[in-house]
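Engineer: Chain residues, written in single-letter form:
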Amino acid sequence: MTNKSSILINGIWWKASGIIIFLYVLIGGMLVPLGPGVTAITPSNAVAGDTVVLEISGYNTHFTDAQNCNAWLKLDSNHLIKAYSIRSLSQKKLKAAFVLPDSFPSVAQVYTLSLVLDNEFDGVFIQPAALFVSAKTVISDALSGEWKNNFDIVFHERQGIFFPYRSILNETIRNTFFHVALWFAMFILLLIGVVYAIKYLRKGNYDDDIISSSFTAVAVMYGVLGILTGSVWAKFTWNTFWTNDVKLNMTAVALLIYLAYFVLRGMHQDQDRRAKFSAGFSIFAFTALIPLVFVIPRLTDSLHPGNGGNPALGGEDLDNTLRMFFYPSIIALTIMGLWMSQLMIRAMRIKDNILTR
Amino acid sequence: MNSFFRVLTVCLFSTPLLAQGAEDFLRSTGKIYSVVVVICILFLGIAVFLYRLDRKITKLENQIKHEQ
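Line by line, the protein sequences are chains B and C. Take the first sequence: its position 303, counting from 1, is numbered 296 in the numbering used here, and each next residue is one higher. Take the second sequence: its position 59, counting from 1, is numbered 108 in the numbering used here, and each next residue is one higher.
What the hints contain is simulated information worked out from the structure, not anything from laboratory work. All values reported here derive from a predicted model rather than from experimental measurement. Ideal Cβ positions, reconstructed from N, Cα and C, are used throughout, including at glycine. Just so you know, not all the hints are guaranteed correct.
[Said to hold, decoys possible] Label pairs and their in silico Cβ distance ranges: (1) A96(C) with W7(B): 19 to 27 Å; (2) F277(B) with S77(C): 22 to 30 Å; (3) F125(B) with A96(C): 48 to 56 Å; (4) D345(B) with D103(C): 14 to 22 Å; (5) L184(B) with A96(C): 19 to 27 Å; (6) Q262(B) with S77(C): 22 to 30 Å; (7) L109(C) with S50(B): 55 to 63 Å; (8) Q264(B) with T107(C): 20 to 28 Å; (9) A33(B) with T107(C): 53 to 61 Å; (10) F255(B) with T107(C): 16 to 24 Å; (11) K114(C) with M260(B): 26 to 34 Å; (12) W7(B) with T78(C): 33 to 41 Å; (13) D263(B) with S77(C): 39 to 47 Å; (14) T78(C) with G197(B): 53 to 61 Å.
[Stated by the list, open to error] Derived BS3-like pairs (lysine-lysine); straight-line CA-CA distance at most 30 Å: (15) K108(C) with K88(B); (16) K269(B) with K108(C); (17) K105(C) with K196(B); (18) K344(B) with K108(C); (19) K108(C) with K8(B); (20) K105(C) with K192(B); (21) K105(C) with K8(B); (22) K269(B) with K105(C).
Just need the whole structure built from these sequences, with the hints factored in.
Structural biologist: Shown next, in the form of structure tokens:
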């Protein structure tokens, strides 16, 4: 008789907590509004010295409710031009008129200006690369009086909790809780799986193989779901189900290695050899997963937000309001994964009991 | 196993249909419905997994019944 490792956690409380946390993520993640943003600006080109009237389309904005709408065109933090007149057509449409100066502080063919909008309802928000201004041939050193700097302006701040608006991503930023968290949960489950694989190789206890393969099975299910959800997300942001993005291809390779684990596992008839083989294979697959998913995508550029270089979980990509739901989502999905793998472990233990009777 | 792959292929092939047939709807209001699709896939995936596990356990129960 093999002795059982105490992987099973008794009680209903942890299962219930997983469901409750996931419910919190589901409800909160869907109900928290998106911050204000700009969807379109016309025209997008102008010539220095012109007077330009921008028609701005907003998302989740309150242009008519707000009393103090302000707009600036920003070259850098020291050089802003304030709109001389602003008219809101509706909550989501705004017209702002600017007098572009003849002279710019630096010499270039084309200047890229960002649009800064501010009102007391939405707070301050920025649309990068909003207007391209072609330079005039005459460039004088003396700056004309329209330029202001950032430091005299007092911006409003939006009250309450909201997710950051990112162009292209829009509302799909919420997928962070359901797609990205899935990969994190998968990794935690695979880690548990590989720990038990090592344990099997050291002690030769067949029960550890049951545990290891159950965790790996649930993790691979999460991985397949991660690919599918990512594919749908890509359709709406990158406009294709699959791109040749490094991260996509490398995770596909990693997942195929894990699918091979189950195919090869099924080929072995002898229980002992199967267990030994799968323990070895899962250590190999896990060590292959780390460079494939964590190293290679960072060496090159990736379409994924916050990739290329060393993103970690910092910077502007994961804002504090997103963290409020992202980390609980990882915890909830991990708990649900634990639950599912425990069900598998229990079933496989019963099967083992029948076979060895 | 067979039925699992059948459900999986249905899921796989229904998403492009969904995306093409109702593209405008799915892209409306800041693409919020694509998030709904993602949550549905997550739910369906877990449901399929539990269904497979259910069948596995039923098989074991039958085996025990036969032996008794």
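Engineer: Hint by hint, say whether it matches the structure.
Structural biologist: Each hint tested on the structure:
{"no.": "1", "hint": "A96(C) with W7(B): 19 to 27 Å", "in the structure": "holds (21 Å)"}
{"no.": "2", "hint": "F277(B) with S77(C): 22 to 30 Å", "in the structure": "violated (46 Å)"}
{"no.": "3", "hint": "F125(B) with A96(C): 48 to 56 Å", "in the structure": "holds (50 Å)"}
{"no.": "4", "hint": "D345(B) with D103(C): 14 to 22 Å", "in the structure": "holds (19 Å)"}
{"no.": "5", "hint": "L184(B) with A96(C): 19 to 27 Å", "in the structure": "holds (25 Å)"}
{"no.": "6", "hint": "Q262(B) with S77(C): 22 to 30 Å", "in the structure": "violated (54 Å)"}
{"no.": "7", "hint": "L109(C) with S50(B): 55 to 63 Å", "in the structure": "holds (60 Å)"}
{"no.": "8", "hint": "Q264(B) with T107(C): 20 to 28 Å", "in the structure": "holds (23 Å)"}
{"no.": "9", "hint": "A33(B) with T107(C): 53 to 61 Å", "in the structure": "holds (56 Å)"}
{"no.": "10", "hint": "F255(B) with T107(C): 16 to 24 Å", "in the structure": "holds (21 Å)"}
{"no.": "11", "hint": "K114(C) with M260(B): 26 to 34 Å", "in the structure": "holds (29 Å)"}
{"no.": "12", "hint": "W7(B) with T78(C): 33 to 41 Å", "in the structure": "holds (37 Å)"}
{"no.": "13", "hint": "D263(B) with S77(C): 39 to 47 Å", "in the structure": "violated (57 Å)"}
{"no.": "14", "hint": "T78(C) with G197(B): 53 to 61 Å", "in the structure": "holds (57 Å)"}
{"no.": "15", "hint": "K108(C) with K88(B)", "in the structure": "violated (68 Å)"}
{"no.": "16", "hint": "K269(B) with K108(C)", "in the structure": "holds (26 Å)"}
{"no.": "17", "hint": "K105(C) with K196(B)", "in the structure": "holds (28 Å)"}
{"no.": "18", "hint": "K344(B) with K108(C)", "in the structure": "holds (10 Å)"}
{"no.": "19", "hint": "K108(C) with K8(B)", "in the structure": "holds (25 Å)"}
{"no.": "20", "hint": "K105(C) with K192(B)", "in the structure": "holds (26 Å)"}
{"no.": "21", "hint": "K105(C) with K8(B)", "in the structure": "holds (22 Å)"}
{"no.": "22", "hint": "K269(B) with K105(C)", "in the structure": "holds (23 Å)"}
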